[in-house]
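S.K.: Each residue of the first sequence is one higher than the one before, counting from 2 in my numbering.
Honestly, the hints are just simulated from the structure, not real lab data.
All the pointers check out, no bait thrown in.
Taking lysine-lysine pairs in the PhoX-like style, the calculated list, with each CA pair at most 25 Å apart, reads:
(1) K220 with K100
(2) K303 with K21
(3) K424 with K318
(4) K419 with K194
(5) K57 with K71
(6) K120 with K12
(7) K194 with K424
(8) K303 with K120
(9) K57 with K47
(10) K21 with K122
(11) K30 with K122
(12) K120 with K13
(13) K100 with K6
(14) K100 with K13
(15) K179 with K318
(16) K303 with K128
(17) K47 with K37
(18) K21 with K6
(19) K100 with K86
(20) K79 with K47
(21) K122 with K220
(22) K37 with K12
(23) K71 with K86
(24) K57 with K79
(25) K303 with K318
(26) K424 with K135
(27) K13 with K122
(28) K21 with K37
(29) K12 with K122
(30) K303 with K194
(31) K179 with K164
(32) K120 with K21
(33) K100 with K30
(34) K318 with K194
(35) K100 with K47
(36) K194 with K254
Label-pair restraints from in silico Cβ distances:
(37) E160 with T124: 27 to 33 Å
(38) L161 with R27: 50 to 56 Å
(39) D11 with T407: 53 to 59 Å
On a predicted model such as this, the values are computed, not experimentally measured, just so you know.
Each residue gets a CB set at the ideal place from its N, CA and C atoms; glycine is no exception.
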Amino acid sequence: MLQVKRIREDKKTIVNGLRKRNWTARQIKILDDILKADDERRALQKQVDDLLAENKRLSAQIGQLMAQGKRDEAEQLKSQVATQKESIRQLEERSEAVKQHLESLLYTVPNCPHRSVPKGKSTEDNKVFRDWAKPFPTLPPDALAHWDLAKKYNLFDFELGVKLTGAGFPVYRGKGAKLQRALIQFFLEENIKAGYEEILPPHLVNEDTARGTGQLPDKEGQMYVCERDGLYLIPTAEVPVTNLLRDVIVPEKDLPVAYTAYTPCFRREAGAWGAHVRGLNRVHQFDKVEIVRIEHPDRSYKALMEMVRHVQRLMGKLELPYRILLLCGGDMGFTSAKTFDFEVWSGAQQRWLEVSSVSNFETFQSYRLQLRYRDADGKIHLAHTLNGSALALPRIVAALLENNQTPEGIRIPKALHKYTGFKMIS
RNA sequence: GGAGAGGUGCCGGAGUGGUCGAUCGGGCUUGACUCGAAAUCAAGUGUACUCUUACGGGUACCGUGGGUUCGAAUCCCACCCUCUCCGCCA
Numbered sequence: 002m003l004q005v006k007r008i009r010e011d012k013k014t015i016v017n018g019l020r021k022r023n024w025t026a027r028q029i030k031i032l033d034d035i036l037k038a039d040d041e042r043r044a045l046q047k048q049v050d051d052l053l054a055e056n057k058r059l060s061a062q063i064g065q066l067m068a069q070g071k072r073d074e075a076e077q078l079k080s081q082v083a084t085q086k087e088s089i090r091q092l093e094e095r096s097e098a099v100k101q102h103l104e105s106l107l108y109t110v111p112n113c114p115h116r117s118v119p120k121g122k123s124t125e126d127n128k129v130f131r132d133w134a135k136p137f138p139t140l141p142p143d144a145l146a147h148w149d150l151a152k153k154y155n156l157f158d159f160e161l162g163v164k165l166t167g168a169g170f171p172v173y174r175g176k177g178a179k180l181q182r183a184l185i186q187f188f189l190e191e192n193i194k195a196g197y198e199e200i201l202p203p204h205l206v207n208e209d210t211a212r213g214t215g216q217l218p219d220k221e222g223q224m225y226v227c228e229r230d231g232l233y234l235i236p237t238a239e240v241p242v243t244n245l246l247r248d249v250i251v252p253e254k255d256l257p258v259a260y261t262a263y264t265p266c267f268r269r270e271a272g273a274w275g276a277h278v279r280g281l282n283r284v285h286q287f288d289k290v291e292i293v294r295i296e297h298p299d300r301s302y303k304a305l306m307e308m309v310r311h312v313q314r315l316m317g318k319l320e321l322p323y324r325i326l327l328l329c330g331g332d333m334g335f336t337s338a339k340t341f342d343f344e345v346w347s348g349a350q351q352r353w354l355e356v357s358s359v360s361n362f363e364t365f366q367s368y369r370l371q372l373r374y375r376d377a378d379g380k381i382h383l384a385h386t387l388n389g390s391a392l393a394l395p396r397i398v399a400a401l402l403e404n405n406q407t408p409e410g411i412r413i414p415k416a417l418h419k420y421t422g423f424k425m426i427s
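Hey, can you work out the whole structure from these sequences and the hints?
M.R.: Here's what the structure looks like:
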């Protein structure tokens, strides 16, 4: 959520940002509605506060009069206070309504893209930040897609998943299962080496937590809900891990905070279409290792690049062809100020698959989380939050299987050998 | 699931209707003393919203939400959470 203060003080920047997100002049008018609602809120607040102060003063007087035994005077004041109480109640009601209106308006405004974010309407306008310079692996014309390879080598089974749960819940088995475990282990170890503290959080969260990272109130439909207990299955480790610092004021010297976490991710995911969602390309439950950082605003963009480089190293070690995209305003997530996407080349599907998204949210998340730091002067400021996948498994697995298929079997990249215990799937 | 105890500031812990945003102790910060440290002494030490050019004010917050009252941390109701014991269980 954007701060009203920022809209008031730096409206021009916000307007430009929203244009980058292809907001029309008419849509942008909402900023004026927000400022108007905020003016109203402040005026009402002043009125209420003044009346409350007056009442407080009178009540103290009543106490004194009672102590002095001046009952009649006290009674007189009592009725005066009682009258005011009614007008306070009415004002408070209005004030509450205005606040809610203001908040509902704010919820509709996405984060303001960083000035380096390119304009653009869709995925086609994303800038290739770093392309794959080397040739793609050459596969025989009869190369199999990962879903066929999975059948051939008995790595995972979608039908069994349907039997147990439903579509989009694969059952991994044998070397397929072990490959999952190896990847998770590999990612975690690499992240820990890079200075991230490992967190193993709960996989279900309460409403406050879901609200903290913005899953609620809008994106309720994308999560699985345990209604009876008021709990939500996490769509990403970002949710519990970022919330670790909800309502916390971190001393400046403790920044940056860096976490990594493996969790399964649960996504209800509305749309499903054609071959693009076949196999592991899109599932309801998948495994992901996430990295999260809490940064000083002055160095959050430096941190973003550090995270990008870190993910690059992971991709390199996996020996997979990849490219990095700088997302354009139109393709960026609602909460992000700047996002880099990592895509891996799938040789058999002949297309790029998104495997990681690394973003700086600036204060968009921390405002709602009330995640702040205290500087050397004791002043309190919102921290910047960043996160990225390092990495999401399914499409990595898809690319790994497809690109590395040989007549003898599927070759496992060297970096994984010590975790898999095997060098080939055959 | 049953019984009991309890939820107050960074921590411990007072406070059972009026001047309590909250005694006190610890911690932390600053200053004094010291070559330095410890000890000691002194001062300071919540957050949000809001008014003011500023100095400095105002309001709210004692688990959450309601209620009683001129006035609530304090009384009443509901809910949530934590701890102890019992039951069940990996």
